[in-house]
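Sequence lines, in order, name chains A, B, C and D. For the first sequence, our numbering begins at 1 and goes up steadily by one. For the second sequence, our numbering begins at 1001 and goes up steadily by one. For the third sequence, our numbering begins at 2001 and goes up steadily by one. For the fourth sequence, our numbering begins at 3001 and goes up steadily by one.
By construction, these hints were calculated from the structure, which means they are not laboratory data. For each residue, glycine too, the CB sits at the ideal point set by N, CA and C. Treat the hints with caution; some may be incorrect.
[Stated by the list, open to error] In silico DSSO-like pairs for lysine-lysine, Cα to Cα no more than 27 Å straight-line:
#, chain 1, residue 1, chain 2, residue 2
1, D, Lys3363, D, Lys3390
2, B, Lys1226, B, Lys1181
3, C, Lys2171, C, Lys2320
4, C, Lys2363, C, Lys2390
5, D, Lys3171, A, Lys311
6, B, Lys1198, B, Lys1226
7, D, Lys3320, A, Lys198
8, B, Lys1198, B, Lys1181
9, B, Lys1469, C, Lys2390
10, B, Lys1426, A, Lys7
11, B, Lys1426, A, Lys426
12, D, Lys3320, A, Lys181
13, C, Lys2171, B, Lys1311
14, B, Lys1198, C, Lys2320
15, D, Lys3320, A, Lys469
16, A, Lys226, A, Lys198
17, B, Lys1181, C, Lys2390
[What the hints assert, rightly or not] Covered stretches of chain B, going by a simulated chain A footprint (3 or more residues, C-beta under 8 Å):
#, stretch
18, 1046-1056
19, 1061-1070
The lines below spell out each chain.
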Amino acid sequence: MRLIFEKSSPGRRAGSLPAYDLPRAEVPEELRRQRPPRLPEVAEPDLVRHFTALADRNFGVDTGFYPLGSCTMKHNPRVNERVVNLPGFRDLHPLQEEEASQGALELMWRLEEILAEVCGLDAVSLQPAAGSQGELTGLMLMRAYFADRGEADERRVVITADTAHGTNPASVAMSGFELQKVATDDRGNLDLDDLRAKVDGRTAGLMLTNPSTLGLFDEHIEEVSKIFHDAGALLYYDGANLNAVCGISRPGDMGFDIVHINLHKTFSQPHGGGGPGGGPIVVRDILEPFLPVPAVVRDGDGLRLDYDRPKTIGKVRGYCGPFGVFVRSYAFIRAYGPALREMSEVAVLNANYLLARLRGAYDLPFDRLCMHEFVLSARNLKREHGITALDVAKRLMDFGFHPPTIYFPLIVPEALMIEPTETEAKETLDAFVEAMLAIADEAAADPQVLKEAPHHRPVRRLDEVKAAKRAVVKYGFEAHPDLAHAPAEGQAVEFQKGA
Amino acid sequence: MRLIFEKSSPGRRAGSLPAYDLPRAEVPEELRRQRPPRLPEVAEPDLVRHFTALADRNFGVDTGFYPLGSCTMKHNPRVNERVVNLPGFRDLHPLQEEEASQGALELMWRLEEILAEVCGLDAVSLQPAAGSQGELTGLMLMRAYFADRGEADERRVVITADTAHGTNPASVAMSGFELQKVATDDRGNLDLDDLRAKVDGRTAGLMLTNPSTLGLFDEHIEEVSKIFHDAGALLYYDGANLNAVCGISRPGDMGFDIVHINLHKTFSQPHGGGGPGGGPIVVRDILEPFLPVPAVVRDGDGLRLDYDRPKTIGKVRGYCGPFGVFVRSYAFIRAYGPALREMSEVAVLNANYLLARLRGAYDLPFDRLCMHEFVLSARNLKREHGITALDVAKRLMDFGFHPPTIYFPLIVPEALMIEPTETEAKETLDAFVEAMLAIADEAAADPQVLKEAPHHRPVRRLDEVKAAKRAVVKYGFEAHPDLAHAPAEGQAVEFQKGA
Amino acid sequence: MSYLALTDADREEMLATAGVASIDELFRDIPEGVRFRRELDLEPALSEPELVAHLTELAERNVDTGRELSFLGAGVYDHYVPAVVDAVLARGEFLTAYTPYQPEMSQGVLQAIFEYQTAICELTGMDVSNASGYDGTTVAADACFVAKHVTGREKVVLCETVNPQVRQVVKTYAPGFGLEVVEVAHRGGVTDPGDLRDAVADAACVIFQQPNFFGCLEPAPDLAAVANDVEALPVAHVDLVSLGVLEAPGAYGAAIAVGEGQSAGNFQSYGGPHYGFLAARSDFIRRMPGRIVGETTDLSGERGYVLTLQTREQHIRREKATSNITTNQTLLALAGLVHLAWLGPQGLREQGETCMALGEYAKERLGLPLVFPDQTTFKEFAVRVGRSAKDVIRDARARGVHPGYALGRDYGGLDDALLVAVTEKRTPADIDRLAEVLGEVAG
Amino acid sequence: MSYLALTDADREEMLATAGVASIDELFRDIPEGVRFRRELDLEPALSEPELVAHLTELAERNVDTGRELSFLGAGVYDHYVPAVVDAVLARGEFLTAYTPYQPEMSQGVLQAIFEYQTAICELTGMDVSNASGYDGTTVAADACFVAKHVTGREKVVLCETVNPQVRQVVKTYAPGFGLEVVEVAHRGGVTDPGDLRDAVADAACVIFQQPNFFGCLEPAPDLAAVANDVEALPVAHVDLVSLGVLEAPGAYGAAIAVGEGQSAGNFQSYGGPHYGFLAARSDFIRRMPGRIVGETTDLSGERGYVLTLQTREQHIRREKATSNITTNQTLLALAGLVHLAWLGPQGLREQGETCMALGEYAKERLGLPLVFPDQTTFKEFAVRVGRSAKDVIRDARARGVHPGYALGRDYGGLDDALLVAVTEKRTPADIDRLAEVLGEVAG
Ligand SMILES: Cc1ncc(COP(=O)(O)O)c(C=O)c1O
Ligand SMILES: Cc1ncc(COP(=O)(O)O)c(C=O)c1O
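Full structure from sequences and hints, please.
Structure (structure tokens):
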């Protein structure tokens, strides 16, 4: 499909703005724009058609089943789109005086109360824009906490699991800590011996996802938290998998001191093809003094923003964070009320149902009941037929399903990480199972059809190696390269896709 | 694709409404519902997916070029959707007190002024819900007018052109007039001799589309109107083709006394897959007393609804008509201002450009410059290759275009009635031309591919004869018939599609 | 602002291709005498932001039901419209499509209409539904046209308890159809079967409304029986919201069911666009007005949908057509379908029960004399306010509450009667507020 | 209300298939000691209409820019957002998609990002743009991280005229990066190149804002030159709306351009979600943080788009990644693309010219002393109001006008300074009204 720049024609335009007849103000020559930017020039009809056509080439939860493990692709209720567009939210300036933004402050206050209850902890900052930023913020809190105790120079190490999401080690590095990895035992729990060997006075804390990225709840979590707390270290909970345990088990009760929540996962903020998201952090009281400013505080019968926090780490994002995201997630939670527990129950039921029906055809590295998601391995297909997890994923597209996350977690070869979420009907799960079983059969009967999949998408399998080698990252106008006649470099590469 | 009833499962639901704990009010046994209606039972996620999937199986102006002759499928500006959803319009009750609906009354008043100016006439009623209802209303006005003059019993006949849209004769019949048809001459104008022979003291009036459904402006329109007015009869203007002449020639100046305007054509109300529409009527002062009530009238510096019109025909629709349609069309017109003329100029330019490029490959029954649309004939293809207008239409689908109107007007065999509208880019027109020329070539080279077209739509050519014979017009639940195993009856039938 | 895509260069090239020297020459066939030579006298073009500002200013001069606590109904109701309806109607493939003349391009809207027809038939207990009519008034007129052709008779009997808007439209259409209209007065808020019997002789049809304009439940089965006894078609004008708790017209012998669809899926929007529904017994299928979608198969035997029974329609049958309608209200009917699917059978029943319960609560809290004390009501009821209802409305609105509709606008002797509507959106607390205000302003 | 689809029958069957007797048993691996045994202490579930009523009530407790005449900017602006943006963002295929990990499923969003990257590069004069960062503050911190790795240096120089929100975020991130932050005070509203030269020695980068927080135009080319002289990366923080009239950072030697995208395509929404953009010279392409979309071909040689250069990213490079970011602001960036395509080059230039012209008109009409009289300003400017700006704001708001931002919140000695923003939505008449009100309330 042509780029909008290729549909552009000089002098065409869609938009119109008011023109007041006022004398023109001059920009000093040396600061004035010399060459006009080559933005698209199209009329509104073609603008609408272009983006309608692009949407038609995209797949969302609205289009069908999207079991992308670790991403919790649940239904996004339409009522949330209605309320987030209320003028009182949509057209509110972030620096509006506090007395004129009480509704916004009230919503944030209530959302904080809810998240604290769900996590079993004491204080919340809604500011982080995503889970990764929540991680970074949480680690900054750790540093500030130990600095405050004069242990800044000792507490240098943060431990993560070898199943950890890539953001965990990356956040550790960005926040200036040293990284240490701990192994996973044969039941998918943290290896306690390895752990004991590594935790000491240099340990600042643990970052853990529980249930883990294997979709398994750590059976020794109490022991784990004891090990860290006894060593004077803190525990950080990566909340990406919170959808499994709302109202069932609370991070604070498990012993975690800092939690981030991905509002765009558990609490249904639509992810918009990459974002926005929200990564609020929820902490134990000992960490509250270090939270980012401003804090929403009660003041008489009103609310205000408190900047006067001497020990704060500062700010990690502008204003109070991604407010629109808060509105949607707040609305989502209020629709459920205490039945949030049922949400998690059904998410776990759906996952276990799929697991039970698929375990015969694909390898199951850790044979336990799963939580909201589970990880299969296509290594049996690879061994027997040379069919990889990538091939399975691409072939699923032809059956009208979005593939699961693949090649993650890294400790599982040919990983297929499947998360159905609670909003899918049994009929949908059954149809997915039929497709997965059919693919396993095809692997034996007709492997080539898998290797060349997908066959029914707007494009066939894309050459990712060529993309990386050529690095064509913008339209070149007159000088745009013609990759079609560049040699093929290979096909989609086998690394983590999803999560 | 399955029907939503086939996706239904007992106990599932999407919606939720407030439940107040109040004593339950009983319905008398004999009036109480006995068997619950079998409405769909689906959760919101599947509800959204179902209608998303249905939308994907539908083609609109947003999807691509839609040259459906006589339907004026132009772009629908998105800003109109924004303003029509303003709470002050969307949530306004039609019986709200006048002092609390001044904004709505003001909008209707301004729209009436605009339509009167565009038509060159004096008074307007926005009430009719569509063009057809405008016709009926206009004919009721004729009857009331002659009744008022004591000529009710003489003036029994309404004359229409043999090129007239089906709604014209149908409206004549429904309003209790007798129908008489007048022929078209070899330049596509009304046949004046035939006309003179038919107009007499029994003639109530003429119904005419000008430019005609052939896309041709009647070169003798002044003479035509003189003939009717001399006979004491009235002239009715079917405004379906008004998009050709805004600011260029006004029905009132042509001699017409009553006009209907299809707001969903010329003034861009989106047609929504069948409706809504709007069919305001615009009349000469002599007819104003008979207009439907209420009328919007100035009263001091406010506006009010006047019901006190002793000679009114009454009401043809509830309240003041389809108000939301007025909002969109008013916004559309205000965006153009006096440049409405340019809108018509470009509509006519686009049509003549297409005509010039296609005339070589398809027959052109009336060889003149066209207005906003033109009518080709596929009779040459039929004669030489057995390819019908229907086959051409179906094949166009494979090129990504909506077919033109076919088999209308009736006086043109194998008619292809093409209306590009003013909002199409030249690139789009060129692509359409290429497709039409390619199809003309295919007719000779590979007629079978046309006979079996379309090949790239969600369904292949549908059996309309079977549909009419079997008349399955609702889902039968347990007893739903299986047409797949019923014998084929034939294919799509060759009658008017479009307009 | 304009929505044109041609550049100047495009225009030049296209004029040349068309073989004319100028835009003006394109119009050479238009006689000089009817050429419009000045500029249209319209206000200057507005940019998009100016357009929005202007329309916002107009909109804010209206008091919508978000800005005052409203109990105004009388045929159009402030029911909740679910957000999914907005989302579906915003899809350009639905919004910007024309009537599905070419079925292979339009399976989405065709299947949706087929589903709509099914839902309407289920609710009304009928065999066939059309794809919608203009609104709740015109479908009543359509029903008369059907009845005339089916019975060959020339009289329509209208119950006075039918919405005045509907009656007015029927009376406006009737003469053209060659029909005379007779009205039957009500007794105590409902139609008396005896009175109807006296009027019904050689009528083509009888139109009654359930619940009627006063919110009262008519003895619908009896009225239908009276009509059927003399082979006049009983036409029931019903509210979809009531059909979860009230019997389906088909179940008590109605031949045709019609109604205003607004309360299922459409915003009030000052009266439109809305949709009217019309469903009938299968005997009348070939007399139905308007579009009907039917199921069929394609060349490969796959199921598909098309506009069917088109030989009824104007584009084929011309002056012999069952109606002149072409554009209808498909998009609004689609909204109705989405709304009904969102509610489901259980939701619809609960909604009806809630409206009734709130109604009873309101009667009790208001403590005002009921105009029709002996009747069961649904969603709406009439009370006496002791003085001119118009004045009471004015004074209540000054207190931020719109208390309802002044029945004196349509019925003699009811100047002090107020018609109060309660939808599921009005809470008991809202009703308490209404009671408080009426306590202050009622006579 | 819930969004669950399983019926009770489904649950029974599925539990059986999963081989457990009850829902509770599904959680048997969770140690007893950490099981949560009571019900969550949350308010009861709300039905959809109740939810809308509740949130509407909250929303109405805010005074949005539709309810008062506002001149508040300071980083977030009330520019017009075209209706097409709403329409595109409402498409479920965009709205409800995740990051395009599987390109064959996501060509729509991938191509859109590629187009976005192209537009950002055109506007900034850079070679490569990422797919967006969180907002205008975090992209500045990202730039520091890039600069640190590129230069191996450990100091960041921040001009004091950079938005305080941005500076605070940079200072919060810096320690983790092992960076020290030095600020350069302004002279008369802009940064003096000489002052900068004194501070820039062995800095990794210099961050300046154009137009700066006071709306003043910095001597950007000189500042960039000073940085380049010592091989510190010049990082320009720019406003997209200004780039139709102001020079592209790439054209005056900036190494990296960042900024807040809100003013192109996003509503104010109390500060988010918005998007931050980050673009750089091609030298830094393999140090770029975040997603980048690249062009490639498929098995048949057809053009297509994929996430590329992923070896920079956390899921592959782990602790060695150029950033930890995964979720970004794609939907908001898409809004930006639609907005920019709607405007086109001519529209963008006109918008910039209009904002400037209105600014000059406002300075003249207000007739208040300018805080920085010698500077050219864009869209925003600072005036002295003769008494506490906070009090002036309070009193002006009481008259229905929000006059701007109190600079004293961030800058010493400016308690009487008011920062006034004028977008194309403010008419000369609006400005007259502001002048009138300030005439009443200014000291
Ligand atoms: C386990 C885990 N941790 C962290 C993240 C990062 O969260 P976000 O994408 O919100 O930055 C994700 C999401 O991709 C995740 O799956
Ligand atoms: C020439 C002509 N007349 C009348 C009509 C009927 O208009 P409407 O569909 O608005 O009832 C149409 C539209 O189909 C038409 O093309």
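What are the numbers of the hints that this structure violates, sorted from low to high? 9, 11, 17
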